[in-house]
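Engineer: Start from chain H and add chains E, V, L, S and X according to the hints.
Protein chains in written order, with the numbering used here: chain H, 1 to 117; chain E, 1 to 117; chain V, 1 to 123; chain L, 1 to 123; chain S, 1 to 81; chain X, 1 to 81.
Worth flagging that the hints you see were computed from the coordinates, not collected in a lab.
Computed from a predicted structure; not experimentally measured.
Glycine included, every Cβ here is placed at the ideal spot set by N, Cα and C.
Do not take every clue at face value.
Derived pair list, reagent style DSBU-like, types lysine-lysine, alpha-carbon separation capped at 30 angstroms [claimed, not checked]:
no.	chain 1	residue 1	chain 2	residue 2
1	V	Lys-72	V	Lys-31
2	V	Lys-69	V	Lys-31
3	H	Lys-2	V	Lys-31
4	L	Lys-31	L	Lys-69
5	L	Lys-31	E	Lys-2
6	L	Lys-72	L	Lys-31
Stretch by stretch, here's where chain E covers chain L in the computed footprint (C-beta under 8 angstroms, at least three residues) [unchecked claim]:
no.	region
7	95–108
8	111–121
Heads up, incomplete: computed chain S residues facing chain H, CB under 10 angstroms, no partners named [to be verified]:
no.	residue
9	Met-1
10	Ile-12
11	Gly-13
12	Arg-15
13	Thr-16
14	Arg-62
15	Ala-67
16	Val-73
17	Asn-79
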Amino acid sequence: MKRDVVVLLTKAPYGRVHVPEGLRAARGVAAGFDQHDVTVVFTGDGAYAARASVDREALNMPGHVADLREQGGEMVVDAAAMAERDVSPGEIADDVTVRSGDEVSTLVRDADCTLDF
Amino acid sequence: MKRDVVVLLTKAPYGRVHVPEGLRAARGVAAGFDQHDVTVVFTGDGAYAARASVDREALNMPGHVADLREQGGEMVVDAAAMAERDVSPGEIADDVTVRSGDEVSTLVRDADCTLDF
Amino acid sequence: MAHLGFLLTGGPFDSERWRTAYELGRAALDKGHEVTFFHYLDGALVPVEDQTFPDCSDTGLYDEMPTEKFQKLVAEGAELICCGLCVDARGIDASDDYPEGVEVGLLPDLADIIGEADRVISL
Amino acid sequence: MAHLGFLLTGGPFDSERWRTAYELGRAALDKGHEVTFFHYLDGALVPVEDQTFPDCSDTGLYDEMPTEKFQKLVAEGAELICCGLCVDARGIDASDDYPEGVEVGLLPDLADIIGEADRVISL
Amino acid sequence: MLYLIDEPMADIGLRTAAGDPDARVVLIQDGVFLSPDLDAEVYAVEKDVDVRGVDLPDEVERISYDALVDLIVEQEVKNFV
Amino acid sequence: MLYLIDEPMADIGLRTAAGDPDARVVLIQDGVFLSPDLDAEVYAVEKDVDVRGVDLPDEVERISYDALVDLIVEQEVKNFV
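Here chain H stands alone, though its shape is the one from the complex:
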């Protein structure tokens, strides 16, 4: 059955595999037999990974992001997590949508399933 899946990326991007491997999982889940609808949410220290100035190439992100978008997956960042870390909306990459903390909570509540990395 096709599901609404939210993938939470919660950890600081560099130095561990969680952001790139979480993106790999997100696009893998979007590309599977059921073609689940996948929204990736950068939250917690994961908000750092949504910044335009992050070296995506060094993080092995580009391939996973391209595949995710091809499958119709979206990427959003949690403004509440940004505010706690002094990350401003102007710093966020173009392909990531800033959503308020409330919007993110609603997204998570409305999802059929959440995975976190």
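Structural biologist: Chains E, V, L, S and X in isolation, oriented as in the chain H frame:
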């Protein structure tokens, strides 16, 4: 050469091996050829491990603590870390000494070497 | 009967998420539910055989090693799939290092679990 | 010439502490210093052979796998000792899984490093 | 809806549960150290409470893995663990 | 004295450095996100800064691993990494 060694236990005790294995390392370092002077400091979430109500047996602590004490090693807990976590001095185990945040900083600065787990 | 799917990303020594996954899987099997584990990232280290940690407390996290606990669940019908890329990244030789019954799969298996399970628990 | 000792407790995928240890060890060797690594806890997973992570960026954390980087340092004279208890706990078969030059020791080796090294860096 | 909450993801987990009038929150692992200010039924996994020696407030109910599986089967679950 | 500071141990690390009039602080790994309010020379490991895309304040100096090893050899070091 004999050294003053401070071993910092920084992580919440249960669910990972860092507190018991940090204690194992502390007593191993105290028992080695040089018989280093070892002080174990519970700080950060490690402060939870200094509470009397922790199940030390479940954490495999008793053997390491006994060996450490036999080697003359001491255990102290950082009052600054306790305060941040609402842990009161009355909750601390008898064999752990409460030291102020300043005293802990001085201890660390005066040590020849710090290890952290 | 329900089908519970677990995604486990924690290793045997960095968190107790493996233990929570085991305890919930154990309780679910005892109640007759169907249980599937997908081990991703350091979760792929959990089923590695021949882990030994001597002198551990009978009441502690390592009363038995994680791999032994999961082997029991597999013997009782749980499905356990490890992500093949994660296996290779960690230098695990699946045929040598994993016990009987532990499968190596890929992300489409996780996608299937999400589609088929009644509940998915991410740990 | 100085002697730098490193205590590494982080694994290959949970933090970049292995990378910091490598980079500092590399720079120290290049300057003619003596370098000793003691790998404890998940640090014992770092030198495991045959780790492969395809399609990684040339500029990223895994341009080469951790084990390859440390093998180079060992070949250039660094000493690398893994804690035997940690090795056994992780089901690592040292003779099969570690490359030439990686030693298995015990905590007295860490005590010796602390006594002998001019600086000890804990990562 | 059921919310499983551990300490590292407590922020987003508690925020999300707070917006759900039918939330049931289960504190798990180091999450048992949390004292959430929520208008919801709050449980704490008893094994995690016991090893940590945590004194639970009266309004938090201890729960076994067995009972937790029943809750998970009864209703949807969101994990913050 | 030299202090190597990453984010998870920033609290005790910065407290300890603050009491040392001769402190030199090196921000490392995720520590480069910190903005320590210290009366000390502060460095940040340049490789860690670059991959994270961090804009360093003027008073923080970039440092290579090579130069960091020299600092470590010159003076005692305390690690909070």
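Engineer: If a hint holds in the structure, say so; if it does not, say that too.
Structural biologist: Evaluated hints:
1. V:Lys-72 x V:Lys-31: With Cα atoms ~16 angstroms apart, V:Lys-72 and V:Lys-31 stay inside 30 angstroms; holds.
2. V:Lys-69 x V:Lys-31: holds (18 angstroms)
3. H:Lys-2 x V:Lys-31: holds (27 angstroms)
4. L:Lys-31 x L:Lys-69: Since the Cα atoms of L:Lys-31 and L:Lys-69 sit roughly 18 angstroms apart, the hinted pair holds (cutoff 30 angstroms).
5. L:Lys-31 x E:Lys-2: holds (27 angstroms)
6. L:Lys-72 x L:Lys-31: holds (16 angstroms)
7. 95–108: It holds: at least three residues are needed, and the region 95–108 of chain L offers 3 whose Cβ sits within less than 8 angstroms of chain E.
8. 111–121: holds (count 6)
9. Met-1: For S:Met-1, the interface hint holds, since the closest Cβ of chain H sits about 7 angstroms away, which is under 10 angstroms.
10. Ile-12: This interface hint holds because 5 angstroms falls under the 10 angstroms limit.
11. Gly-13: Check passed: Cβ of S:Gly-13 comes within 9 angstroms of chain H, closer than 10 angstroms.
12. Arg-15: Given a least distance of 5 angstroms, the restraint on S:Arg-15 holds.
13. Thr-16: Hint holds; S:Thr-16 Cβ to chain H Cβ min 4 angstroms, cut 10 angstroms.
14. Arg-62: violated (25 angstroms)
15. Ala-67: violated (22 angstroms)
16. Val-73: With a closest approach of 15 angstroms, the S:Val-73 hint is violated.
17. Asn-79: It holds, given that the least Cβ distance between S:Asn-79 and chain H is near 6 angstroms, below 10 angstroms.
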